[in-house]
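With the hints as extra help, turn the sequences into a complete structure.
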Amino acid sequence: MAIIALLLAGPLIPLSTQIEVRNVADTRRSMESIQEAITGFAQANGRLPCPADGSLPAGAAGAGTEQVSGNSCTAANSASCTAVNGAIPCSVVPWATLGVPETDAWGRRFTYGVSPAFADAVVLTTWNTRLNAYSPPAGNLAQTVSSPTSPANQAPTCDLTVAPTSSSFALCTLGDIAVFTRGGATTTAASLGTALPAVIISHGKNGFGAWQPNGTRFNPIPTGNDEAANSNGNTTATPSGGYASWAFYSRTPTPAAAGCVDPIPGTTNGAPPCEFDDIVVMISSSALITRMVAAGRLP
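In the working numbering, the protein residues as written are 7 to 305.
Some hints could be false.
As the list claims (entries may be wrong) - Ranges of calculated distance between the beta carbons of each label pair, as one might list FRET restraints: (1) Ala127 to Pro20: 47 to 55 Å; (2) Gly46 to Gly265: 39 to 47 Å; (3) Pro226 to Pro63: 14 to 22 Å; (4) Val168 to Gly276: 26 to 34 Å; (5) Ala102 to Cys178: 30 to 38 Å; (6) Ser39 to Pro259: 18 to 26 Å.
None of these hints come from the bench; they were simulated from the model.
Every residue gets a Cβ at the ideal spot worked out from N, C-alpha and C, and that includes glycine.
Next comes the structure, spelled out in structure tokens:
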């Protein structure tokens, strides 16, 4: 009966709505395949892939391939995302490297941000960098003092007796990415995930700020709201007063509204939230590490 009811109701749903629902579903499926391909890349290579350069048009040399310089990611077109203290590469999913779709259902490329400790080559040993000098317990490895302040400069400490030799990160490595959501009358930002290795974003139907196959960005590029954070980059302290993280947002879609405000984490505002239709997929440390252990990359 339920199936019959849906079939009968189908003609009553506007065609534009049906197309939009299908586009969202198709995009989510593509993002699931990208997430799986990124994890598979890590299992095969011991690290996450670097972003591709969003400014390269399809068919150009290097388009869709991860941008690596020596043992770490290059900026991969820094106009796409502003670095947290120069530390995090972010541009588009390296579709050619991974063998995944280049674009979402609206024909625009997926944004991809990755924490350096998870994408650096194994030889860099960035799994154990710290901001301040630290003496590990007897029998544990010394840790490198490094800046800027970030989850990769760890607290709590990442004390190991043996360094990982088949992975760029350890069981206790933390990432530089945080994802927030919003809800309630005050539109206060609430944490969905912190210290994440990577994030994948579709910029939705409006596409604001997304890279296109011709190597240009879809205008207008948003400023000062959640969609701006997902396309231009934003920083926050996670938790308040703690390390600097790269902030992204994932929340229920909302239409454009006059006088809208997307307050930064830790603040509130009674104004309506700003326009938002991005789709965000997080890659968590626990899920990634579980797969790395299964592949024999981590103990």
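Hints and how they fare:
1. The hinted range of 47 to 55 Å is satisfied by Ala127 and Pro20, whose Cβ atoms lie roughly 51 Å apart.
2. In this structure, Gly46 and Gly265 meet the distance hint of 39 to 47 Å, their C-beta atoms being roughly 46 Å apart.
3. At roughly 21 Å, the beta-carbon separation of Pro226 and Pro63 lies within the given 14 to 22 Å, and the hint holds.
4. Between Val168 and Gly276 the beta carbons are some 53 Å apart, a value that contradicts the proposed interval 26 to 34 Å.
5. Judged by the Cβ atoms, the range 30 to 38 Å given for Ala102 and Cys178 holds: they are separated by roughly 33 Å.
6. Look at Ser39 against Pro259: about 22 Å separates their beta carbons, and that is inside 18 to 26 Å.
This entry does not satisfy hint 4, going by the numbered hints stated previously; all others are met.
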